[in-house]
Structure formats: C-alpha cells, structure tokens
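Undergrad: Sequence:
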Amino acid sequence: MGENLFKIGVYFLTCCVAYSAIADGAVPTSNSDYDVTERSRVENLNLVDREFGKSRIGKQKFQAKLSRISANSHSLGLIRNFTTPIRTSRRSELKNSMLSIEPCGACLWEDCPSVDAMKRHCPVGVVRDNCHCCVTCATGLRRPCNLTPGGLLPPCGTDLRCVQIQESTDLNIGECVCTQDVAVCATGNRTFENLCHFREVANRLRGANVITIVHPGPCRTVPKIKFPPNDVIVAPGEIASYRCEVTGFPLPEVRWKRKLTSSSDDVEDSLPGFNSNIITQIRGGPDRHQLTTWLTVDGVTSYDAGSYVCEASNDVGIVKSEAVLTIT
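Oh and the sequence shown: position 159 is 159 in the working numbering, straight run, nothing missing.
Below, in silico cross-link-like pairs of lysine-lysine (DSS-like), each with a Cα-Cα straight-line distance of 27 Å or less:
{"id": "1", "residue 1": "Lys257", "residue 2": "Lys320"}
{"id": "2", "residue 1": "Lys257", "residue 2": "Lys226"}
{"id": "3", "residue 1": "Lys320", "residue 2": "Lys259"}
{"id": "4", "residue 1": "Lys224", "residue 2": "Lys257"}
Simulated from the structure, these hints should not be mistaken for laboratory data.
Since this is a predicted model, take the numbers as computed values, not measurements.
Could you build the full structure based on these sequences and the hints that come with them?
TA: See the structure below:
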C-alpha cells in the first residue's frame, strides 16, 4: 500500500514538472524538439513502472535515477530557474512599456556588430544580450532594470546598480542608480548630479563639444530662485502665505524683506523684525543644494499691504524676487 502511494506521488510530481514547464513557455520550438521531449517523458514514466516492482533498495536506486533525469531535463529547459545559458533561452526588448519576446535560435557571431562600434554607440557601456550572443547597450541612469540576475532587461551600465523603486508594485523591477553619487563640475561651469550623469552626457557628445571634469563637487554659481513667491490678495483678518525656493553653490543665505514704499529710496526692512504677526521658516531641499523658505502674515491689516522680497545671496552673487500683498 505504501509503495503504491509513493508511486502515485512521484507520477503526480512528474506531471506537475511537465505542466510547469509548459505554463512557463518552455515549449518545444520544433517537431524534433517535441519528439525528444515527449520521448524523455515517456521513458521517465516507464522507469517509474519498472522500478516500483523492486525492493526497498530498488526504490533508492530509482530516486537516484530520478535525480539524473531532472538534471537531463534541465538541459531541455523543463526545469525552471536554470543557471547556465542554453540555446532555447528567450530574448526580450522593452518597447512602449510592453515586452516582446522571441526565441534566440542559433548565434551567428559574424552578424553581430563589433564591440568597438557598440561602445561608441552606447553611452553607459555594453553587456551581452539575453541570448549571450551579441553585445547590446547597458541600461542607463534612472532607467528600469531587473533586481534579480537573468531578467528580461539589460543589466545596469558602468558604476550603476539596480535598486528597488519604493512606489513600484513589481518586486523584480528596479531603477539604475549611480554608485558614485557625488556632484561634479564640468567645463562650461556646468554641474552634473553625479559621475554617471556626466559620463553619459560626455559619451553622447563624443566628437563634438567635448566636456571634461573641472573638479569634484558642484560648480560655484550665483543663486537662482527656482520658484519665486506669488502675489496674494486677501481680506482683512485672513492669512497671507508666500513660498520661495532657491538653489546655488555655495548654498545661499535666504532672507525675507518688506519694501517700504513710503520711502523715496525704497528701503527694505528685514523680516520678521518686531512684527508679531509675521513668521518666517526655512528648510533644506527638496533637492540637493537647495533651500525652501516660507513667510506667513497672520491676521492681515491694511498696514501689512505692500511688497515682500525673497533675497538669496552667497559669495558669488545675489538675486531677488518680489511679490505683492493686496488687501481687499
């Protein structure tokens, strides 16, 4: 009775392996492949029938033979998660967010583009394609990638690694990020967020408008107001708020001022000063070498009407942006 149950269990396991292979797309690509696969399956089932008529030692021999069959099935693509490249593997390309898969077939090395030509064409380096035949372009900065080896997407390029995207629902899809995440200053006083970004742009410009690294770290720049404050119109007693985002290197110092229009010289008074209803706040970000500041006027009165100035300065220069508060 026990031997019969064991026999049924192994027969069921063999069927499950074959079904899993078909469900995963590991189907024969020609009639000859189908004949070999079907013949192997029938031989496995015949082996089950032969071995279970024997003693307990016979069952042990059968288990050893079954292991060898699994190893042979591995070369036919019947076992999932194979680790060695085989000719029945599949190749994919990411086009319009859709994966189109086609069989690899035989590798015709003479039809592959030269490695040197591909290196000139690929700004982040080259890797072997999914068929382990020709070279193809590696995946660039902030592009999607596979978190596990052997995926459908090309590996990340030089000095890039694949990391999980927090908002992604696909646990196997990540994003290529730079392993050397330090800004660099290049010719033309142009700052790149990291070495990978610089290398990709420089390789695209190869042969024209060549750029080089001047020094590590950002280029020294006059502050820039990325998001200036907007004009505000409120009724008496309401709250008026302004926001100002600035960037620059060295990191600028930011001040809020109020333009005193009663003066012929347009004198600017620093805030909050002694104004109990005015509050200023500042924090770093949202990006690197950037500051965000707010000014809030609580319970506005006619006295608070006028122009408010966001001023950013460092040892390279100074910049200002003005917004008006109107009381209706």
